[in-house]
Amino acid sequence: MVSLDENMLVKKIQEGDQLAWRDLVLRYEGRLTNYAQGKIKDHASCQDLVQESFLGFLAKINNFDASRSVQSYLFGILSNKITDLLRSYGRLRTVETPVDSSGNQKSSPFIDPAMGASTWYRGDEKKKLENDALIKCLGLLINQFVQRKDYLKLKSIELIFVNGLSNLEAANILGIDNKTVASHRHYANNFIIDNLKRMNLSPDIFPHLSEQDQD
Amino acid sequence: MNITKATLDAFIDDHLNEQETIKVEKAVRESPELQAQLSNIIVSRDMGDHSIGAIWRREHLSCPSREELSSFKDDALESQRIDYIKFHLETVGCKACKANLSDLNSSKDSLTNPDTREKRRQFLENSKILLPKKQ
Ligand SMILES: [Zn+2]
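First to last, the sequence lines map onto chains A and B.
Heads up, the first sequence is in my numbering, so the first residue is 1 and it goes up one at a time.
Heads up, the second sequence is in my numbering, so the first residue is 1 and it goes up one at a time.
Do not rely on the hints blindly, as some may be mistaken.
Listed next, the in silico BS3-like pairs over lysine-lysine satisfying Cα-Cα at most 27 angstroms (straight line) [claimed, not checked]:
#1 B/Lys23 x A/Lys128
#2 B/Lys5 x A/Lys197
#3 B/Lys73 x A/Lys153
#4 B/Lys119 x B/Lys134
Some chain B residues flagged as far from chain A (calculated, every beta-carbon gap over 10 angstroms) [as the list claims (entries may be wrong)]:
#5 Gln19
#6 Glu33
#7 Lys73
#8 Ala76
#9 Pro114
Pairwise CB distance ranges, derived in the manner of DEER restraints [said to hold, decoys possible]:
#10 B/Lys23 x A/Met199: 33 to 41 angstroms
#11 A/Glu125 x B/Ser31: 18 to 26 angstroms
#12 B/Val43 x A/Met199: 22 to 30 angstroms
#13 B/Ser31 x A/Gly16: 50 to 58 angstroms
Please keep in mind that the hints were generated in silico from the structure rather than gathered at the bench.
Note that the Cβ used here is the ideal one computed from N, Cα and C, for glycine as well.
Hey, can you work out the whole structure from these sequences and the hints?
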């Protein structure tokens, strides 16, 4: 969730306030450095990556979408920088940049959120609206589970959507049966579809909503 | 481990744990079908198509707030919520929340050592000129 003073901080930085910029760096530096250290052992490299992430954020500050969380945005930039670095070390070899028929590299598979809030959608406003709607629906769904303390459902769908597990794998982890997980998934899909319709969007824009589990 | 489209999606976002990542890397290297599937996901993401999982991970939709993590650390939440946050950290393996928590737990030593402080001071000094001009 976006907190009010976070918005204030961004607004001040947009106005060129140096103290606000310092505040932002001090506020997020620790968590970002810890995140980088989970992947890269060298502290100096981590600090460099974190600083580059702040610069990426600053470069696009005027286009920053106030509905987005600064933390998620910064983690996104950093995560891409880490991936690039690890790839340059030869790890993650399997994720090759797609090459077109003439051998030219297509754009990076790791879309850089530092390119601006809307470039996740490559400047496509329609796609952005659709993705924003999905974020809203998911937010409502998660919020409903939390309000109702329906944590079992939340755990099921988090394992399925976020970790990409099958119903059976999720059921094994949660110690419940497969059918129960399937019903949680069904509930979540219907909830999202209903809410998308309420926003006058067709659920067909997210084909994976109708995909059921193969097991 | 059954590698589905959703697994590959989580793999691209670097959301799998070390062991799973190694398994997927190996499987992809050995299977032209998986390579094709992976490329397809990457290309469709480039076109703006994001799966529910990708959006959920990217926006940290189920992550507890920093304040809540701080209460979690102090055991000052109700038991069901504590149980969920543990699950989110350990089973889902949310790296952003883990980073937040270890930052909250750290004595700040690593960020207050003289080298780090000097590097930060220089960074703040040098980046000042990149701030938007004051109106
Ligand atoms: Zn989290």
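Any hints from earlier that this structure breaks? Give me their numbers in increasing order, please.
Checked against the structure, the hints that fail are numbers 1, 11, while the rest are satisfied.
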